[in-house]
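Peer 1: The primary structure of each chain is shown beneath.
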Amino acid sequence: MSSEVSQNLEQDAVLRASIDRSLRHPVMFFLTSGAAWLAVSIILGMISSAKVHSPDFLDSWGWLTYGRTQAAHINALIYGWGFQAAFGVIIWLLSRLSRQECRAAGLILAAGHVWNLSIFVGILGILAGFGTGMPWMEFPAFCWPVMLLSYFAIMVWSLVQFKVRPEGHVYISQWYLMAAMIWFPWVFITANVLLHVIPGNPVMAAGINAWYKSSLLFLFFTPVALGTAFYLVPKVSGRPIHSYSLAQLGFWSLAVIMPWAGMQKLTGAPIPYFLPYLGATATILFFIPALTAAVSILRTAIADPEIASHSPTLRFTMAGIVGLVVMAVAAVFLNIPGKTLELSQFSMSGYGFEILALYGFFSFVMFGAIYFIVPRITRREWLSRRLIKWHFFLSTYGVSLIALVAIFGGLQQGIGQEAFDQPWSEASQRAFPYAVLITFIWFFIMLSNIFFFMHLTVMWLRLGRRSTHPTLLVSDHHGSPHGEDGDIDNAGSMTASAH
Amino acid sequence: MSFRTFFLSLSASFGLAWLAIVIVPYFKMRALEPIAVEDGDGTNAVYIPKRAGRIADGAEVYAANGCYQCHSQLIRPTYAGNDMFRPDWGGIAGDEDRGDTRRETNAFDFEREKFAPIGVARLGTDLSNLGRRVEAVYAKGGDAEKWLYAHLYNPRWRPGRRESTCPSFRFLFQVVEVKGNPSEEALDFPVKEGMEIIPKREAKALVSYLLSLKKDQSVPDSLNFTPPTAAAPVAP
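Protein chains in written order, with our numbering: chain A, 1 to 499; chain B, 1001 to 1236.
By construction, these hints were calculated from the structure, which means they are not laboratory data. Beta carbons are placed, not taken as given, at the ideal position from N, Cα and C, and that holds for glycine. Each hint should be verified, as a subset may be incorrect.
Chain A stretches covered by chain B per the calculated footprint, using a threshold of three residues with CB under 8 angstroms from any CB of chain B [said to hold, decoys possible]:
hint, segment
1, 57 to 68
2, 180 to 189
3, 258 to 272
4, 347 to 358
Derived coverage of chain A by chain B (criterion: at least 3 residues anywhere in the stretch with Cβ under 8 angstroms from a Cβ of chain B; other residues may be distant) [unchecked claim]:
hint, segment
5, 159 to 170
6, 207 to 220
Same shape as in the complex, but just chain A:
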């Protein structure tokens, strides 16, 4: 009996190792080029945010004017970093979950290069002054069909793997990830075709653009991050999900509520009156899918506080889920029609909320996933727990300040904007300290990610530790955190003890 079990375990370990091996090139490509775009986005973010409070900064070149750098910054963050991190994590997770090796790694890699090329051309296009002026869709119009085709070439293999998987239970992560994979092209094609190909009423076009932004946040980045967290947390903590039915409720409430969100950004615009109210209601109701998922993930994670604090993966993932809770609170707090919606509609809380979602929630979970996946596909362990700690703490500082800007800064500025009997400079003065704060935020995030980029480069060069002991964030100095000296196994994650 016990030999049968151990044989099964060994077969499992071999299968996992061969899946990791089959995907090592595309996944590493997406994660490293995603990190490079994150660096580009952070630098552009620092430049553009500095221009908000110091408008004379770097103002002699057209390609660095605020309107262009800000657009390039957010597009690099979304399509360069966000999507590529998501691609790397999705193809790896879905291969693992359908227990299939990837047989199209070369094609995925090629499509990944095409995706990168179109982002590169798009960003250059924005900076050169060919932006379309549609928020989050500023890339010149020829970019989107190329992005769409490479998206399909990257993603379709995961669906094929799911189709031919061995029969069995479909895990909640697969639901989230596959839903995101289906929603994104639907949203992307709808928005781009309606806005670029079938011109209609320009105000309704602006409404569809607002819906597109909201759908990317709630129907792509949110489900990808939640699906990843639902994989990582039980895997690392070794415990089943706290309440599986709660998790399912979270998924279906997301699917039913969130497609309606987004058009509250056009409250008062001449589009049908019910659209902004539906959008505000759906955005407020985001707390249902967010809190149900957060409760079941956090309850699973903190069941063993020691693992939760020692594992870099769990720490980043849990911080991301806390970010999700803050994001849900902000979604309720900022979108109450007649109370806070009119204050937040044209204030910096819009940007703050987006960065809270993209960095405070999504990116944190992606960092957690990267700290889990990279050792498995490179068969090397992370070099230094200090680098991970610095990445974590500085990012956390940055994100806490983002929450402050999103909620208080936005409302402060909105109150100034609505005070119509005061001069407009009153509103600008209220925004000023928060504009300075945003520059500090990007500075913190840049510092934190310097540690991350260094560490990832080392891993990419296969210079990580050759050990079977994962790098844990233990702070005591009794013995080495990396296990006993000489306890090295060149087989890496191939062995059954590493999972």
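Please arrange chain B on chain A, whose structure you already have, making use of the hints.
Peer 2: Only chain B this time, still in chain A's reference frame:
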């Protein structure tokens, strides 16, 4: 749950919202019925604001340089915000020529544009009525175009605007040698002897567009939500 059921439930939950808030409103609003207005001299005309030629080019310059990141173009009705009460935003309360022209944004205001630059944030003011505001307030009695050129060249140059955080758009201007008579469009900023600063093609287009942003036309009755005032003359 099989993949088929999963996919169908997903399509149903998403497709319902997709139809109800995206597809149907978009195609319903695609071709707005033209509204007839009575012209001053009794002839019938159609209410469509002008957007052609250099104004359309200027809208592209506005979009490409990200003006929408800081400037909105939306006067919300009073239930959704206080934009109507800001002096000169939605029209001019005491316009010498036309009386009180304040009104909220209507669906025709962006007609013949590709995309309505509603705006992301208001780090600067709303520009819905900028053209009229420059003519009637900022550059009163002067040249509105020149005022805007100077403002784009250096937004912090005029007294009272030292605190502005608007970026300078110097890159839309060029310094050229004066040949013959100085250009009428030359800016009054210090420049080397024998040279002058003149707007490039993009700056001219942008200023045409900005001056076209006006809320002073008469609006057809069906779009006019302003309550009639007691002083309004009664038609005989």
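Peer 1: All the hints need checking, so say for each whether the structure fits it.
Peer 2: For each hint, the structure was consulted:
1. 57 to 68: holds (count 8)
2. 180 to 189: holds (count 3)
3. 258 to 272: holds (count 11)
4. 347 to 358: holds (count 4)
5. 159 to 170: holds (count 3)
6. 207 to 220: holds (count 5)
The structure agrees with every numbered hint stated previously.
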